[in-house]
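*Asks:* What follows is each chain in one-letter form.
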Amino acid sequence: MSRRKPSAVTLVLASIPFVAMCFTVPLWDRVYPMLLGLPFNLFWLVAWVMLSSVCLAIAYRLERARDRADEPGS
Amino acid sequence: MSAAAVSLAEILLIVAAGTAIGFLGAGRRRMDLEEWTVGGRGFGVVLLFLLSAGEVYTTFAFLGASGWAYSRGGPTLYVLAYLTLASVVSFFILPEIWEAGRRHGMQTQSDFFTSRYRNRYLAGIVCLVGIASFVPYLQLQLTGVGIIVEVASFGAIGRAPAMAVAVALLVAFVFAGGVRAVAWVSMVKDALMLLAAFAIGIGVPLIHFGGIGAMFTALAHAHPRHLTMPGATTNLGHAWFISTVLLTSLGLYMWPHMFAATFTARSADALRRNAVVMPLYSLTLAFMFFAGFAAVLIVPRLSDGDLALLTVVRQSFPPWFLGIIGGAGALTAMVPAAILILTAATLFAKNLFRPLFAPDMSDDNVARLARATVVVLGLLSLALAASSSTTLVSLLLMGYAGVSQFFPGVVLGLYWRRITTAGVFAGLVSGVAAAVVLMLAHHDPVLGLSAGFVALCLNFLIAVCTSLLTPGADHEPHRADP
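If you're matching them up, the sequences are chains V and A in order.
If you're matching positions, the first sequence starts at 1 in this note's numbering and goes up one per residue.
If you're matching positions, the second sequence starts at 1001 in this note's numbering and goes up one per residue.
FYI, nobody ran anything at the bench for these hints, they're computed from the structure.
If you're wondering where the values come from, they're calculated on a predicted model, not measured in any experiment.
Watch out, some of these pointers could steer you wrong.
[Stated by the list, open to error] Straight-line distance between alpha carbons at most 25 Å, and here's what the computed SDA-like set of lysine to any residue pairs gives:
#1 V:K5 x V:L62
#2 V:K5 x A:D1363
#3 V:K5 x A:S1362
#4 V:K5 x V:A47
#5 V:K5 x A:C1465
#6 V:K5 x A:L1414
#7 V:K5 x A:V1411
Just chain A, with the same shape it has in the complex (with noise of 0.2 Å):
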């Protein structure tokens, strides 16, 4: 057998494992829309933990930072710095949107909305944003399918190709399994992926240089400069790391997949705990960041920094170890890929189309738009990605901005009894304009600081402001409870 076809049947293996589980672990449930979505609120630590870190871990840290690592340098590890803070603040804040989740039901990051400011235009708005949000999220996600199965099989599959199947197979995961069929897939996958952080983050080092010691020595001597900020750039230095790692750190909780997870946890005490060991899987991105750097002396000069990890592997590993970094990259851009597209669907389905066009609509009915949602999601994502072209970590900043504006109003919702509606209202729709304006007209980072970070300033500004100058919080439940 060539290298190729080792290698291809390796990745065929893996994902097909990967989904079976995930269709044996949704077993034969009543898929319910509180069961689809959430899991019917049953998750413990260890379900919870495997979706956290199928929702957190995803391509970017396969590829993105070790690309980072690769092209920009220093600035890279923002990354380890903003993943451990993310789950400090979910600590405190995860544990109060779990409680009004399940006073009222709550299954989506809108229906959050909903209850706590009973505004529908607000909770519309946070749906649009929300999914608008998710099409570079989802974007990455799927090239990073395509790049690390097209390497991996020595061009066997085309990136093309390699997309269609791996979004068929979870359209079909999800469709039939929901948020607990997700969160099995991930147990693969992470397992998966743990091996191969160790085995790259180690072997690579070990064989070129002699160790990871070594490898830093030898990189600290050809590139002083590359392992401090800014590194290789010129813009991405102290106020960029600290305005990046406070906005991506308070925003990671805010993008919609990750807040309805909240929902599926057993119990507030579950959420804390799993705030507690989260920050330690971080450490497998360290792996990837000495893989980025050793490649910097291996592979100089690449075109892509994204395809920096996968070319150091393929010439430092035999083929057959190659097939498996190529299953344990598919599976691990596919977990992400199906909860982006799940939780995009119930949105759709559950804050949009019902409030809109039939309000009657009972939650069986919602529940059967939701999944067909997901066939159509798959599609319309596929037809995206086919034009994607910016570098993974610029994508999932852009991201970001957007989800991070959602803070003001999550917070002082749970926090400020003086908060108002019109002042959520203004501080978010400022907040996403300058968000977008200032990424379009490439002003980021803007004086040295992340456009994203400047714009929720801006929306916490406006949001106080403007509540102080408003009526009515006397009017409203203080918190998203009766």
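For reference, chain V alone in the conformation it holds in the complex (with noise of 0.2 Å):
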């Protein structure tokens, strides 16, 4: 058997973070404003590692989802 493949919207929501934490550090790679006492860029990360996770459970519900719904009764 071969699984299908994930969804669209799952990998839209998986594409965030990789945005957010990776291809856009030239935006938000400064020290001011600090937030909540840490500079901008770590405020920035410490904010996008909970978002990610955030995303990741959303697809996890997705996907499950749509396993049930593919498999029913199993």
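Join these two chains into a complex; the hints should help.
*Replies:* Here's what the structure looks like:
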């Protein structure tokens, strides 16, 4: 059996952390404004660690819902 | 009792407790090859989390991340980004690898290549590159344990005896309990490490500056450029950040021990759930950064950045606390060292020795050989650690440049029908060669990009082009399953 490909929505959800934490680094790599006592770049990454986890949690729910729809009764 | 004696007693107690839990956790199971290497494929979410946290958050998290915050500044932030993005990558590829592993009874990364590409030379090369990449990683852990125990015991235990004791204990619990013992030891390690990270990350800035915000304000005034990229370096800018984050986030689960840990999962669902929570654990590293950044102002001009964390802890906390940090740090190095040695021993016995010298060997005998190899590897790694010199992060990045070269073979093998054995072979060999040449010639970063990333791009390109030019895809299994 070949597992089906992840849905487009899941892939978009997964690409958000890559854009936010990696490709856009020139936009957020700065000290000011300091937020919650952290330099902006560190604050940005800490926030996105948590938001990435949220993205994956949503992706998880979507994929599981699709698994159930694909295999009724299992 | 003197400060050194208290500290020493704490370190020994913590390490002994961790080891004992490893023995207990493994219980009296029959240690056949399947149980010893992949825990009988029975790990649920909790054990899986403990094992992955044990593998990912190593002595590097303790000393290297803070060391780089101290000596390089801004570029150290790549660590937070790559660990999170590696979880995103794992969400997609690990369930696929697990599924292939379940169907074909895989226990190692080399098994995956054997099964998917049906070429023992390719599987052999994967095995050798993996073991070679382990060398700097293992060196890093043992050097770490030596540094931590030496400083935390106020010099009462030297580096060499500390490393020897740590290796003896970890060889014992790996030999007896395999991967399950490692996961249980990791439970003690992770609890202590969380405690240590919060205490250090909040305590050090509080004691010296009155708070984390005040510390960063002071640092931004004194060294305006330290907190952004390239920080205290000249060549670790934004291009380096992007290329290094891509290289390491794609490469993390290509480490043979991370790859093999996938097979311990009870279900693909457990792997996905683990991917959802793993990023949160990397927040502990932010606390290690706080300590490293604070050290820039508190203990400037240290010759070795890897010592920044411990030096600043020693100046800030009472001696009894240093002992707890020492014990936590020692376990943090021992857990990954244990799993590295277990994986290398399995690769050697199952994927090198048996195919080359004893094709008829039974699985039980492979298990016996692997366990004997653990003892030999423990001794070898001690000899290696004695000759270590480079700083921790550089060592780690060298290993990453090597193992990341497996990525095209794994991912194209899972998702692309047209991939051929010749393509993967050519890509892997050229990628590894490019990484080695660039790094040995000190061209890292090259043109502002991480050398390993450049090698990985070359690898991908050659793998795809060669596959398109060679026939054979139709005669091979399209995926790792029949």
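*Asks:* Tell me the hint numbers this structure goes against, listed in increasing order.
*Replies:* 2, 3, 4
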